[in-house]
Amino acid sequence: MLITCPYCGPRDVIEFTYQGDGNRERPQPNSQDLDAWNAYVYDRLNPAGDHNEIWQHSGGCRTHLRMVRNTLTHEISSTGFARGDHNAAARHKAGGKS
Amino acid sequence: MAERQIPERLSPLEPVFHPGSHGNFEHGVDVILTETRPGSILQLAAWPGEEKRLIEAIRKVTGLALPDGAGGGVADGAKAVFGFAPGKFTVADAAEGLAAAFAKVVTPAIGTVTDLSHGRTAIRIAGPKAEWVLAKFFAIDFALPAFPIGAGRSTTHHDVFAQIQRTGADQFDIYVFRSFARSFWKALCHASDEVGYEVQ
Ligand SMILES: [Zn+2]
Chain F
204 MLITCPYCGP RDVIEFTYQG DGNRERPQPN SQDLDAWNAY VYDRLNPAGD HNEIWQHSGG
264 CRTHLRMVRN TLTHEISSTG FARGDHNAAA RHKAGGKS
Chain X
2 MAERQIPERL SPLEPVFHPG SHGNFEHGVD VILTETRPGS ILQLAAWPGE EKRLIEAIRK
62 VTGLALPDGA GGGVADGAKA VFGFAPGKFT VADAAEGLAA AFAKVVTPAI GTVTDLSHGR
122 TAIRIAGPKA EWVLAKFFAI DFALPAFPIG AGRSTTHHDV FAQIQRTGAD QFDIYVFRSF
182 ARSFWKALCH ASDEVGYEVQ
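Going down the list, the sequences are from chains F and X. Heads up, the numbering used here is the position in the first sequence plus 203, with the first residue counted as 1. Heads up, the numbering used here is the position in the second sequence plus 1, with the first residue counted as 1.
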């Protein structure tokens, strides 16, 4: 299985670490909303199909990635930086001119 | 006050560094392994949005102009620089003192300078079978069109981080943790056995 890191290009899955469900929204640290905290910690969609996920290219450039992976087929339909402000540094075609 | 002694640099490879030809070299030596021993190895990181200013600082200090694009790099024989992550660069210099030079130019508003001169070991593999030997170690494409001269790659060999810069058509410089360098070197020698290798 290959995952295309937006910086490094296609790499073996062994270089990546799953960082969890990408649908979670962490409440503000001072939030007293117990339902929101409960949802953040426990509630998962667990879909049979496309799933928003956070991964890290831990054995490469070490950036955190936002991906959509199909839980039935493992097909990855999109990858991008979890922090979306590195588009300027995104990979150009391997070996190509910028 | 007592005069300060300049510490002598010792190689972590020393006990297993055996110059000469080894392995299956009867039909010729197909790779040459060396330790390049740069005086300075730095990691530079730009805060988001400050990448261009950091690239400009690199040009100012080293005279090296980074090509555009992820993993782009350039080497001139004494100095080398390449991107290894978004907004992050490895810079090496045969001379010492690069960290001090960068500290003057990379202000806290631009980013950070981390001196890894004593924390990394640089190993060079060169020769017609260099690509072929490295392909046994790393699951990345070493072919010249996919990995151009000067470019850098971040990857791992059995959980040991490696940053690789192509410094020639058949030459690669590999930066590994100093504490893992000896074991990496031994593995590289074993991998080079069958093609015949020379340690210089
Ligand atoms: Zn990456």
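Some hints could be false.
Said to hold, decoys possible - The calculated SDA-like cross-link candidates involving lysine to any residue, where the alpha carbons are at most 25 Å apart (straight line), are:
no.: 1; chain 1: X; residue 1: K80; chain 2: X; residue 2: D171
no.: 2; chain 1: X; residue 1: K137; chain 2: F; residue 2: T207
no.: 3; chain 1: X; residue 1: K53; chain 2: X; residue 2: V17
no.: 4; chain 1: X; residue 1: K53; chain 2: F; residue 2: I217
no.: 5; chain 1: X; residue 1: K137; chain 2: F; residue 2: I217
no.: 6; chain 1: X; residue 1: K137; chain 2: F; residue 2: F284
Said to hold, decoys possible - Calculated Cβ distances over 12 Å to all of chain X for the following chain F residues:
no.: 7; residue: I217
no.: 8; residue: E218
no.: 9; residue: N226
no.: 10; residue: D253
no.: 11; residue: H260
no.: 12; residue: G262
Bear in mind the hints are in silico, worked out from the structure with no lab data behind them. Source: prediction; values computed, not measured. For glycine and all other residues, C-beta sits at the position ideal for the given N, C-alpha and C.
Tested hints:
1. A distance of roughly 18 Å separates the Cα atoms of K80 of chain X and D171 of chain X; the hinted pair therefore holds under the 25 Å criterion.
2. Among the hinted pairs, K137 of chain X with T207 of chain F is consistent with the structure: their alpha-carbon atoms are about 21 Å apart, no more than 25 Å.
3. Our distance criterion of 25 Å between C-alpha atoms is broken by K53 of chain X and V17 of chain X, whose separation comes to about 42 Å.
4. The straight-line distance between the Cα atoms of K53 of chain X and I217 of chain F is roughly 32 Å, outside the 25 Å bound, and the hint therefore fails.
5. For the proposed pair K137 of chain X and I217 of chain F, the alpha carbon gap of about 15 Å is at most 25 Å, so the pair holds.
6. At roughly 29 Å between alpha-carbon atoms, K137 of chain X and F284 of chain F are farther apart than 25 Å, so this suggested pair is violated.
7. A beta-carbon of chain X comes within 12 Å of the beta-carbon of I217 of chain F; the shortest separation is about 7 Å.
8. With a least beta-carbon separation of about 6 Å from chain X, E218 of chain F fails to lie farther than 12 Å from that chain, contradicting its non-interface assignment.
9. N226 of chain F, annotated as away from the interface, keeps every beta carbon of chain X farther than 12 Å; the closest lies near 24 Å.
10. Taking the minimum C-beta to C-beta distance to chain X, about 26 Å, the non-interface status of D253 of chain F holds against the 12 Å cut.
11. Under the 12 Å C-beta cut-off, the non-interface status given to H260 of chain F relative to chain X is violated; the minimum distance is some 8 Å.
12. At the 12 Å boundary, the C-beta of G262 of chain F falls inside the reach of chain X, the nearest C-beta of that chain being 4 Å off.
Violated hints, in rising order: 3, 4, 6, 7, 8, 11 and 12; the structure is consistent with all others.
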